[in-house]
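As numbered in UniProt numbering, the sequence shown has no gaps in its residue numbers, which increase by one up to the final residue, 106.
No lab work stands behind these hints, which were simulated from the structure alone.
A virtual CB, placed ideally from N, CA and C, is assigned to each residue, including glycine.
Hints may be right or wrong, so weigh each one.
To be verified - Taking CB as the label site, the calculated pair distances span:
| hint | residue 1 | residue 2 | range |
| --- | --- | --- | --- |
| 1 | L29 | V8 | 29 to 35 Å |
| 2 | I65 | A45 | 28 to 34 Å |
| 3 | L44 | A12 | 46 to 52 Å |
| 4 | E35 | S55 | 28 to 34 Å |
What the hints assert, rightly or not - List of simulated lysine-lysine pairs, DSSO-like, C-alpha gap at most 30 Å:
| hint | residue 1 | residue 2 |
| --- | --- | --- |
| 5 | K27 | K17 |
| 6 | K17 | K6 |
| 7 | K74 | K59 |
| 8 | K73 | K59 |
| 9 | K17 | K30 |
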Amino acid sequence: MRIQIKQVTLAASNWAKEAQEAERLNKMLKIENEENAAANNLALAIQNCNEARASQSDKFFDSLIDKYANMAKKSTTKKKNMSVKTAKSSKTSKSSKSPKKTKRKA
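Using the sequences plus the hints, can you model the full thing?
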């Protein structure tokens with residue numbers, strides 16, 4: 001009977017030690033999970049900032065392209081219009097030359 005009691009007490013103490021060890025491991029896992037979650041949150045925050053920065057730069061470059069592409073189009077059309085106008089004016093000036101005025105002696 002005493003042997004059975006000792007075995008029961010040893011088993012109970014082993015169970016208590018295992019329970020304590022399980023609690024300690026559970027706490028460690030929770031801490032690791034929290035640290036991993038914090039690291040993941042930080043990584044997500046950095047990734048979101050990088051994506052926002054990339055979209056801002058894309059918008060900036062798009063606005064520059066729109067601005068200066070329109071200016072380039074306008075300047076080329078102005079040059080074309082200017083060359084067309086000068087060509088027309090040179091044609092009309094050749095055909096509608098007025099006779100030279102000569103000084104009359106008085």
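Each hint, compared with the structure:
no.	hint	result
1	L29 x V8: 29 to 35 Å	holds (31 Å)
2	I65 x A45: 28 to 34 Å	holds (31 Å)
3	L44 x A12: 46 to 52 Å	holds (47 Å)
4	E35 x S55: 28 to 34 Å	holds (31 Å)
5	K27 x K17	holds (15 Å)
6	K17 x K6	holds (16 Å)
7	K74 x K59	holds (22 Å)
8	K73 x K59	holds (21 Å)
9	K17 x K30	holds (20 Å)
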